[in-house]
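Asker: Every letter in the sequence shown is one number past the one before it in this note's numbering, and letter 176, counting from 1, is 189.
Honestly, the hints are just simulated from the structure, not real lab data. Small disclaimer: the values here were computed from a predicted structure and weren't measured. Wrong hints could be hidden among the right ones.
[What the hints assert, rightly or not] Label-pair restraints from in silico Cβ distances:
| hint | residue 1 | residue 2 | range |
| --- | --- | --- | --- |
| 1 | 238 | 138 | 48 to 56 Å |
| 2 | 291 | 232 | 52 to 60 Å |
| 3 | 176 | 77 | 33 to 41 Å |
| 4 | 226 | 139 | 42 to 50 Å |
| 5 | 72 | 238 | 27 to 35 Å |
| 6 | 77 | 276 | 45 to 53 Å |
[Said to hold, decoys possible] Straight line, CA to CA, 30 Å or less: simulated DSS-like cross-link-like pairs of lysine-lysine:
| hint | residue 1 | residue 2 |
| --- | --- | --- |
| 7 | 21 | 78 |
| 8 | 256 | 33 |
| 9 | 115 | 141 |
| 10 | 67 | 225 |
| 11 | 263 | 162 |
| 12 | 141 | 242 |
| 13 | 257 | 295 |
| 14 | 256 | 55 |
| 15 | 283 | 55 |
| 16 | 21 | 55 |
| 17 | 138 | 115 |
| 18 | 162 | 21 |
| 19 | 78 | 33 |
| 20 | 242 | 208 |
| 21 | 115 | 162 |
| 22 | 78 | 107 |
| 23 | 115 | 67 |
| 24 | 78 | 41 |
| 25 | 67 | 88 |
| 26 | 263 | 242 |
| 27 | 67 | 28 |
| 28 | 85 | 25 |
| 29 | 41 | 141 |
C-beta: ideal position from N, C-alpha, C; glycine also.
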Amino acid sequence: MENVIQIKNLSKEYKDFSLKNITLNVPKGTVLGLVGANGAGKSTLIQSILGILKSDYEQLMIFGKDMRRQEKEIKEDIAVIFDTSHYSLQYTPKFIGKMLEKVYRNWDMEKYNEYLTRFNLPAEKKLKTFSKGMKMKLEFAIAFSHDPKLLILDEATSGLDPIFRDEILELIREFTVEENHTVLLSSHITSDLDKVADYIAFIHEGELQFVKTYDEIQNNYGILHCGQKFFELLREEDIVSFKKEPYEYKVLVKNKADILNVFQDLEMEKASIEDIMLFYVKGEA
């Protein structure tokens, strides 16, 4: 499968934090959800990919092009949405459209105006009168109006009410109907990723813990409830992480079907993305 983003051994050092040798591929035509606690390194990684932060890496390729040598060309085909708007609150959507028409070679003013109408965004009102949800919809109108191949969202749904979040997730689904469109979506709201993600990448304390398909997580991971005697019978390779509770062990396993085929009466619950994060962070290996 062709990869839109190829990262090999990317690192970024701060005094009190560092990204450590991140290697990550994002397949074309997919949605990759980047998850992790606040401060885990999600935004640092995204800003490093975009060249906003200068980082060290062995390889950083986007669309098969070298980010060091072809940054301007690459960014023509990328749309980025952060959790806040970076346009002056004195600007109007109409003014922003005219400004960006001079920036992007593929800018489609007709499409932009269609999105403003669809989202009920007044073209001639200043952004200072917009709610956060309206500002985020404007960001999507802007993003989709220059025909990007890659959409990167850094906590773009954070702070929005559930109705606005659902509308934005629907926009992402629409965008990825075309197989040449790819999305990198950073979010700590894991329920959003349940609705759109094809892959999940989990980062913790600057290290990439795993990259798995969403289906693999749904089908293979489970939380086993058992006593100490049964826990001691489990093979080490069955256990991802565990928590010792007052009256039981809670065990995150990555092969729940195999275990249940042998021990059919076990209490096994489905493991969500959030459960897996918590076991990695707070459980014992």
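Asker: Hint by hint, which ones does the structure fall short of?
Answerer: Per hint list: 2, 5, 11, 12, 20, 22, 29 violated.
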